[in-house]
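Number of protein chains: 2
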Amino acid sequence: MRLTILGCYAATPRTLTNPTSQVLEIKNHMFLIDCGEGAQVQLRKHKIKFSRINHIFISHLHGDHFFGLPGLISTFRLLGREKEMHIYGPKGIKEAITLLLKLGDSWTNYPLRFHELTSKDSEVIFEDEKVLVETVPLDHRIYTNGFLFREKLGERKLNVDAVAKYKIDKAYFQNIKNGKDVVLDTGEVISNAKLTFDPPKPKSYAFCSDTAYKPGIVPQIKYVSVLYHEATFLESEVHLSAKTKHATAKEAATIASAAEVETLMLGHYSTRYKSIELFKEEASVIFPNTLLAEDGKSFEF
Amino acid sequence: MRLTILGCYAATPRTLTNPTSQVLEIKNHMFLIDCGEGAQVQLRKHKIKFSRINHIFISHLHGDHFFGLPGLISTFRLLGREKEMHIYGPKGIKEAITLLLKLGDSWTNYPLRFHELTSKDSEVIFEDEKVLVETVPLDHRIYTNGFLFREKLGERKLNVDAVAKYKIDKAYFQNIKNGKDVVLDTGEVISNAKLTFDPPKPKSYAFCSDTAYKPGIVPQIKYVSVLYHEATFLESEVHLSAKTKHATAKEAATIASAAEVETLMLGHYSTRYKSIELFKEEASVIFPNTLLAEDGKSFEF
Numbered sequence: 001m002r003l004t005i006l007g008c009y010a011a012t013p014r015t016l017t018n019p020t021s022q023v024l025e026i027k028n029h030m031f032l033i034d035c036g037e038g039a040q041v042q043l044r045k046h047k048i049k050f051s052r053i054n055h056i057f058i059s060h061l062h063g064d065h066f067f068g069l070p071g072l073i074s075t076f077r078l079l080g081r082e083k084e085m086h087i088y089g090p091k092g093i094k095e096a097i098t099l100l101l102k103l104g105d106s107w108t109n110y111p112l113r114f115h116e117l118t119s120k121d122s123e124v125i126f127e128d129e130k131v132l133v134e135t136v137p138l139d140h141r142i143y144t145n146g147f148l149f150r151e152k153l154g155e156r157k158l159n160v161d162a163v164a165k166y167k168i169d170k171a172y173f174q175n176i177k178n179g180k181d182v183v184l185d186t187g188e189v190i191s192n193a194k195l196t197f198d199p200p201k202p203k204s205y206a207f208c209s210d211t212a213y214k215p216g217i218v219p220q221i222k223y224v225s226v227l228y229h230e231a232t233f234l235e236s237e238v239h240l241s242a243k244t245k246h247a248t249a250k251e252a253a254t255i256a257s258a259a260e261v262e263t264l265m266l267g268h269y270s271t272r273y274k275s276i277e278l279f280k281e282e283a284s285v286i287f288p289n290t291l292l293a294e295d296g297k298s299f300e301f
Numbered sequence: 001m002r003l004t005i006l007g008c009y010a011a012t013p014r015t016l017t018n019p020t021s022q023v024l025e026i027k028n029h030m031f032l033i034d035c036g037e038g039a040q041v042q043l044r045k046h047k048i049k050f051s052r053i054n055h056i057f058i059s060h061l062h063g064d065h066f067f068g069l070p071g072l073i074s075t076f077r078l079l080g081r082e083k084e085m086h087i088y089g090p091k092g093i094k095e096a097i098t099l100l101l102k103l104g105d106s107w108t109n110y111p112l113r114f115h116e117l118t119s120k121d122s123e124v125i126f127e128d129e130k131v132l133v134e135t136v137p138l139d140h141r142i143y144t145n146g147f148l149f150r151e152k153l154g155e156r157k158l159n160v161d162a163v164a165k166y167k168i169d170k171a172y173f174q175n176i177k178n179g180k181d182v183v184l185d186t187g188e189v190i191s192n193a194k195l196t197f198d199p200p201k202p203k204s205y206a207f208c209s210d211t212a213y214k215p216g217i218v219p220q221i222k223y224v225s226v227l228y229h230e231a232t233f234l235e236s237e238v239h240l241s242a243k244t245k246h247a248t249a250k251e252a253a254t255i256a257s258a259a260e261v262e263t264l265m266l267g268h269y270s271t272r273y274k275s276i277e278l279f280k281e282e283a284s285v286i287f288p289n290t291l292l293a294e295d296g297k298s299f300e301f
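Top to bottom, those sequences are chains A and B.
All the letters of the first sequence, read from the start, carry residue numbers 1 to 301 under the working numbering.
All the letters of the second sequence, read from the start, carry residue numbers 1 to 301 under the working numbering.
Only chain A is shown next, with the shape it has when bound in the complex (with noise of 0.2 Å):
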């Protein structure tokens, strides 16, 4: 599981920052999580391929985490892009694209799938056979969801000297794999746990902004490998916070440590303070094994 960082600031594109936008990297997926203003020239910078993204997670419809996603969507079409493109996020999103593309008469010659989003409760919004995407609703001033990514159990591994020493004819690997013991022509049954180790534990990424502090999210987000929580404001602006609905460092670290998340990763950060060190520091008191989301960095997981 790869996490590249396009932007990962609050409110305006600056010259060295930006605005909230990143590509998880899971199972042969490259999904793009919220799309910023500049989004697309990140995605150049950091040599991602445009074509491997098939899919878009919007989380709301404030302009630092969307006003990329129509210019981002006409350059997939003057790249000559043609495999169709699934966008999910809050309904309005499709009249917006829609309206924007009529207006420039620039409809895209590729199949654009808009899944708009209404429900206040957690729904599974993506499924395949190795990966499950759901909603994670949040608290905002406007209708916002955060989306937690999950990894599938993958099949058993196989334990190569063990099928070895029963002399198991591969045709039974698929079976094994599956978690099935093994009759041998003897009439033994081998067990399939002497035959296989438990596959790796699957990965999970929990995308939380932007949203106030929300401990109702902590049951569903129990125990995922990595958590990136907004932290807008340090403690000495929880006043302001609580007014925007954004949290604090301390607040997201609080919610890290409920859920027993295994690493915490902070941003959309104010631009007020001087060093984003700041809010690794309020965090790691609550939750030591916090990171800080950097633009243009990426996390292996």
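Simulated from the structure, these hints should not be mistaken for lab results.
None of the values given here were measured: they were computed from a predicted structure.
Among the hints, a few may not be true.
Remember, identical chains collapse to one label, so a pair may be satisfied in a single copy or spanning two.
[What the hints assert, rightly or not] Below, computed lysine to aspartate or glutamate pairings styled on EDC-like, alpha-carbon distance capped at 16 Å:
1. K245 x D105
2. K91 x D105
3. K280 x E235
Here the structure of chain A is known, so what remains is to put chain B in place on it, guided by the hints.
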């Protein structure tokens, strides 16, 4: 008159090239012309005061000329703007911006005044004591206007030595600047020509992008100080320019020559070419006084 190029490339924003946007300073106005994605970051990079921009002119509703506008409008709000903002552009621009603000529940706390354009004939869209702006209808795939910015003829300049010689009281100075003669106490009439110099020749700037080769604009832009004319292609790709309703460098130079402008500036370059010098080479054969727009460059005229 000072022109700052924020972006001058066609189609899509890239790491080092930006779509169309420019700032024209003329007689204390700071006009923003077009607003491709990333324009607000370019404004910051070139330290242009956001608060000085009160008028935005949008040529047409292709993304590379206006997808930076929603974000800029939002940023003005976040910066606490209170002054009204005037936006001139094709019909539909109000609906698009209004929908995006509505979806984000992010209404501006400053007045947005839309001046929607539909006329296929040139019309005056802004005028004050010193400056006049009129549309230049262009020929592109969708409804598109260029803009012609004209300084008005200023007051005549006082000949300080002459007024001293005739001992003319300063109470008469404004009348003299307005072109009046003076009658001395002796009854002698001093003609205005003896007391003043001609005012500086008014400057003018014609922004013509995007457009196919359109000789019909020549009478309107005759003798302008500076003509910015798009040159998306070289003549070697004239088949593409015809198909996409863009112009070549040669065609831009032909317009400049016919209109007897003082200076031609090229822009809106396709990124397919190795060097933009090729555009200058091609245009200079027909119109020697050709400049190349370049992102981040400022020109004084």
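Outcome of the hint check:
| no. | hint | verdict |
| --- | --- | --- |
| 1 | K245 x D105 | between (38 Å within a copy, 14 Å between copies) |
| 2 | K91 x D105 | between (23 Å within a copy, 13 Å between copies) |
| 3 | K280 x E235 | within (12 Å within a copy, 57 Å between copies) |
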